[in-house]
Amino acid sequence: MKKILAADDSRSILQMVSFTLKGAGYEVVEAADGQAALNQAQGQSFDLVITDLNMPNMDGITLIQNLRGLPAYRFTPMLMLTTEAGDDFKAKGKAAGATGWLVKPFDPAKLLGVVKKLIG
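Numbering (our numbering), first residue to last: 1 to 120.
The set of hints was computed from the structure by calculation and includes no laboratory data. Every residue gets a Cβ at the ideal spot worked out from N, C-alpha and C, and that includes glycine. It is possible that part of the hints are untrue.
Using C-beta positions, here's what the derived DEER-type ranges look like [stated by the list, open to error]:
no., residue 1, residue 2, range
1, V103, A24, 19 to 29 Å
2, T62, K3, 29 to 39 Å
3, K22, D88, 26 to 36 Å
4, D88, G25, 30 to 40 Å
5, K22, K104, 26 to 36 Å
Each computed PhoX-like pair below joins lysine-lysine, with the alpha-carbon atoms no more than 25 Å apart [to be verified]:
no., residue 1, residue 2
6, K104, K117
7, K92, K117
8, K22, K92
Take the sequences, apply the hints, and build the full model.
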């Protein structure tokens, strides 16, 4: 079973992401912010990381930069899921190592489509 790490400080978004992915047969580990997600990632391995951009303690771009610095996550797909749709944010995300960008509110079918494309 493919394992996904989802980080978002919005409880409702995290629940929706988790519900959508679990319903499609993925295992999901939730984190309330970037620091919590980094701690989870250091203790186990994930096939995909989905992160919000704006979170307390550590934002999504810093999380991705930190994860990309770990050998185990050098090639792991990482998606930004955020309300920010500006090109400058996308450029920052891409520079940090983000694989893709989904804008909130997200369409569950679209999320699953992207996840399936990335990790099967």
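So, going through the hints one by one against the coordinates:
no., hint, result
1, V103 with A24: 19 to 29 Å, "holds (20 Å)"
2, T62 with K3: 29 to 39 Å, "violated (22 Å)"
3, K22 with D88: 26 to 36 Å, "holds (33 Å)"
4, D88 with G25: 30 to 40 Å, "holds (36 Å)"
5, K22 with K104: 26 to 36 Å, "violated (19 Å)"
6, K104 with K117, "holds (19 Å)"
7, K92 with K117, "holds (23 Å)"
8, K22 with K92, "violated (29 Å)"
When the structure is compared with the earlier hints, violations turn up for hints 2, 5, 8 and for no others.
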